[in-house]
Amino acid sequence: MCRAFVVVLAAVIAAFSARAATVEVYVFNNEFSMNPPGQPVADPVISMGDTVRWVWIQGNHTTTSVSGSLEQWNSNINSSNQTFEHTFTNVGTWWYYCIPHGFDNGTGRRAAWPARSPCSP
Amino acid sequence: MAGTVTVLPVGVGACCLDNGDCDLLTESQCLAQQGVFQGVGTSCSPNPCEAQPVMVAVVADKDNILYETVDGSISNALGRHLYTGNQNSGARRRAVVSFDLSAIPPGSTVLSAGVRLYCNQSSGMPINVMLHRLLADWGEGTSQATGNEGAGAAATTGDATWLHRFYPNVFWSASGGDYVSSSSAGVMVMASGTFYTWSTPALVADVQGWVNMPSMNFGWVFRGDENSSANGKRFDSRNSLTPANHPVLVVTYLPPGALGACCLADGSCVEATASECADMMGVHQGAGSECAMASCPIALEPFVDPLPLPAVAQPVTGTPGGAAHYVIPMTEQFQSLHRDLPPTRVWGYAGSYPGPTIEARRGEEVTVAWVNDLRVWETGELRTAHVLAVDTCLHGPNMTGEVPVTVVHLHGGHVGHESDGYPEYAFPPGDQSPVYVYPNNQPAATIWYHDHALGITRLNVMMGLAGFYILRDDEEDALNIPRGANEIPLAIQDRSFHPDGALKYHEEWHDHFFGDAILVNGKVWPYLDVNRGKYRFRALNGSNSRVYTLSLSDGAVFWQIGSDLGLLESPVPMTELTLTPGERADIVIDFASYAPGTEIILTNSAPAPYPGFAGVGVVPNVMKFIVGAAVGHTDPLPSSLAEVPRIPESEALLQRDFELRQIANTHCPDHHDGLWTINSLHWDDVTEYPVLNTTEIWAWVNRSGVSHPMHMHLVAFQVLDRQPFDPVTGQPTGPRVPPAANEMGWKDTVNAPPSEITRVIARFTGFTGLFPYHCHILEHEDHEMMRQFLVVAPAIPGDVNGDGVVDFDDLAIVLGEFGLTGPGLKGDLNGDGVVDFADLSIVLGAFGSGR
Ligand SMILES: [Cu+2]
Ligand SMILES: [Cu+2]
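If you read the sequences in order, they're chains U and G.
So the mapping is simple: this note's numbering equals the position in the first sequence, first residue as 1, plus 2.
So the mapping is simple: this note's numbering equals the position in the second sequence, first residue as 1, plus 28.
Be aware that one or more of the hints could be misleading.
To be verified - Computed footprint of chain U on chain G; a stretch qualifies when at least three of its residues, placed anywhere within it, have a C-beta under 8 Å from a C-beta of chain U:
(1) 30-44
(2) 640-651
(3) 726-738
Said to hold, decoys possible - Going by beta-carbon spacing under 7 Å, a handful of chain U positions derived as facing chain G:
(4) Ala23
(5) Phe34
(6) Val47
(7) Ser49
(8) Val54
(9) Thr95
(10) Tyr98
(11) Gly104
(12) Phe105
Worth flagging that the hints you see were computed from the coordinates, not collected in a lab.
Positions of the beta carbon are idealized from the N, C-alpha and C atoms, including for glycine.
Use the sequences and the hints to build the structure in full.
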C-alpha cells in the first residue's frame, strides 16, 4: 500500500473561508483513495472547514478515525454507492482506518512531508 | 486499510513553481516565488503542475487543387471543393491542404493527430485516398472555378498548379507536387455525405516534425487512385459554405513540462519532461517524481523462450523414483530468465532454479542432506550477506542479521518435526541440515520443497529456492492418464527485474510483492510446443503473494484431476482455476481438436491483491501452447481416479477458530504496513496442542480484506465449508457452503477469503512435535502470520479416541481400519502408513489402562 503523508502545519490561520469545499474519497477493496481503483492511491489535502465525502464503490468497509484523534468520526459499514461525510475543523493530518480491514494505530503515528513522487509497488 | 485526511489552514493551496515542483503555500507566498497559485485548498497530490494532454482542432489555413494540364494554368484557390481522383478525361487532380500549428507550443509532444475531410460527392468506385507530406511551400491565389470546379479555373498569381508552387514563376521540382513518396495515411473513400479521417503514427510523426520545425510545415497532398478514370472524390474545402465541414486537423499533445521520472522500456529510469519522455517512448511518472522512487517495469516480449523442464534430481545412493539418499546443495548462479534480459543472479538447488525435481515412490523412503552452499558467484566465498535487502526488524533476521540462513520444508510431505524444515533450524552458508527423512507414506501427489527460514522465507524463495517433489504410486500408475512427455510440471512465479537483469524486491518489508512478469519453471512467459492430445500439467503457484485465476485464451474446458495432496475422485471440468500461493492443481488440457499451428495462451485474470478489484494489478499472460501436427495421448480420461473418503465432521474432537487480521505494527513501528497475525498472536505463542491420532476442525476467520492461503504442516486436510460473516459483528450472513468439486480432495493449503469462515478438518497422525501453520503469502508468513501447533502423545498409548481409557472403542477403530494404508488413519498408531498388527499390539498392550 503506497501513500503520501503530509506534515501537520502548526499555524492555524484564523480567517475562515466562505468557500468551503467537499472532496470525494472512494472506498473500495482495499483502499481509501481520491483516485478510482487501479490508479495511484491519493489522500485528500483540504482546507479547514472543508468536508470529505467518502463514496463506497466496493465492499463492506467503515471509515473510522483513530483513537485520540481531535477529529472524530465513524461511519457504519456501507455497501456500494453510499456515502458518509465529515467536516474538518482542525488543522492537522488525521489518520483513519476501516474497522473490519484495518487497525487503530492511535495518534502516535506521523510521517514527515515526503515527496511528490510515485511509490514502489 | 487506512488513510489520512490532511487539513490545511485556510488560505493554503498548491503552488506550481517554475521547475514544475508543487508546494503548499499561501497565494502571496506563491506569488513571491513566481509560482502559479492553483487555488485555496488545492492539493499537490495528484500534482496539478504536471503537464496534462491538450486537444486542439485546427482548421486548414490554406488549400488548393492541382489540376493536371500541360501548361499548369489551372487552379481553384477559393473554390468550395477539393478534388482527388481523375477526371473523366483521365486527367489527375490532387488537393493540397495545410494547417497552422502555431497554437501548439514548441517542445510539446504530439500524442495523436487526425485529419478530417467531409466527402460531398463520390463518383465511380471507392478509392483509396492517400495523404503525403509536402516538401515545398505552395500558394493560394484568388482563382475560383465557380460552377465548374471539377475542371478548375485559370490560375492567378500565387496559385499552386500542377506545375507551379506559385503561379506563374515558381515551379515544383516534379510535376504534380513535391511530396514524400511514401504516404502518411490512406483511407478508402466510398460515399458522399460522410466525414473521413486520416490518422496514423506516420501522420503523428508529420505533425510532431512540424511542431519541432514549423518552417517545414507545408501540409499534405491528397491523392486518389490515379490509374483509373471517373472516380473523383470531392470534399468540402476551407471555403465551403458549411464551416463544420471544413478540413480540420485534431491534435492532442503534452505541453512541455517539468522534469519527472521517466520509465523506459528497458526498465531504466531517466529524469525528463513529459514530452521528452514520450519522445523516448517512455512512461512519465509525473512532474516532480524522482527515479529513486520510481519502479519501472521492463517491457519483455512474451512467449519467446521455450518452457524449461526441471531436471530429475540425482541421488548419491539408490535411484530416482525409488528409495534413495540425496545430498542437495543450495547454490548461486546466473540464469537467463528471458531472451532479452541479461542473466539474473538466482539461487537454486544443485545449480538450477527451480531446483531439480525429486522423484519419489510411495512407501520408499527418501533421505536428503540439504547443504547451504550459497557463495558469492564472483568470488566463490561463502555468503555472509543476502543478495536482497534483509529487513532486520523482523523476527528471525533480528537475530541472524543479513546472513542468508536457509532451511528446507517439504510442502505437503507427511514428515516428522526433525525433517520438516522447522523455521528456527535455519543454518548459514557452509552448514548443512541433518539427514531429513521423507517416509513417503502418503498417496501420489504433486508436492514441492522450498525454503522456510524464519523471517526471510520471502527473500530466499524470491531468489529461487523452490523445486518439485513428485510422489507416485501404483494406484495412479494403473490409471490411463497422460504421462512421460505428456506430463509437465508448471511452477508459476512472478518477478520484477532491474535493467541489468537483477531481481527487484522491496528494500523494507511490505504487505505484498507483486511482480510484473510471470515465470513458468524459471522463464518469463515461455511457450510450449504440444502435440494433438491430452497433457497432464502439475500446476504450482510458487509465487510470494500473487494469486492466479487461470483460463485458456479460447475459453476451452480443461479438467482438474488432482489437488494439493493427490488425485480427486473424478476429473472436474472447468474453464477457470484459481490457485493461491502454495496450492497445486493437476490439470489435463486436451489439444486433440486443434488444427496444427493453433496457439493457445494460458491466461490469468486474478487481481492483485486478491480478491481486490476486477482488473486491478492483473498480469494477463502466463504461457503459450503451440499445437503441432503429431497426435498425442487421445485416450479418454478415466471417469474415476481415486477414492477420497470424506472425514466425517463428527469425528472431530473440537473446533478451533483462528482470526486472520492485520494489527498495528508494534514490532516495527516505523514500517509502513501493519503486522499480519493469527488470533493477534505471534510465532512464539503456542496455544494449540492437538493430541496424536485425533481429529480437529480448524476454522479460518478472515477479518481482513485479502485472501490468505492457509497452510498446515504435517497434516492432510479436507475443506469442510465456507460461510460468509459480517466483519463488524462477526455474525454469519449466510449458510455454510461446501467447497466446489475441485476442492473436495486432500489439501494442505486453502484459500481463506475475506469475511468468510473457511473450515478444514484434519487428522493429526504420524508424528508428535512442533509444526508450523501459516499464511502462504510469504510476506505475511515472514511477519508473524505464522504460528505453530504442538502435537502431543495421548496421555495413554493405545487410547486412540482420546477418551482417557484404552477399551473396546479403541480396539474397534484399529480393527475397523485394519489393513488400510494411507495418511491420516487414526488406527495407524505408529505412523508407518499402514494399520497392522504393530498398531493392534499397542492397543492390546495397554488394554484397560486409564480405567
Ligand atoms: Cu474494509
Ligand atoms: Cu496472509
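Going through the hints against the structure:
no.: 1; hint: 30-44; in the structure: holds (count 12)
no.: 2; hint: 640-651; in the structure: holds (count 5)
no.: 3; hint: 726-738; in the structure: holds (count 4)
no.: 4; hint: Ala23; in the structure: holds (6 Å)
no.: 5; hint: Phe34; in the structure: holds (4 Å)
no.: 6; hint: Val47; in the structure: holds (4 Å)
no.: 7; hint: Ser49; in the structure: holds (4 Å)
no.: 8; hint: Val54; in the structure: holds (5 Å)
no.: 9; hint: Thr95; in the structure: holds (5 Å)
no.: 10; hint: Tyr98; in the structure: holds (6 Å)
no.: 11; hint: Gly104; in the structure: holds (5 Å)
no.: 12; hint: Phe105; in the structure: holds (5 Å)
Consistency with the previously given hints is maintained throughout, with no hint failing.
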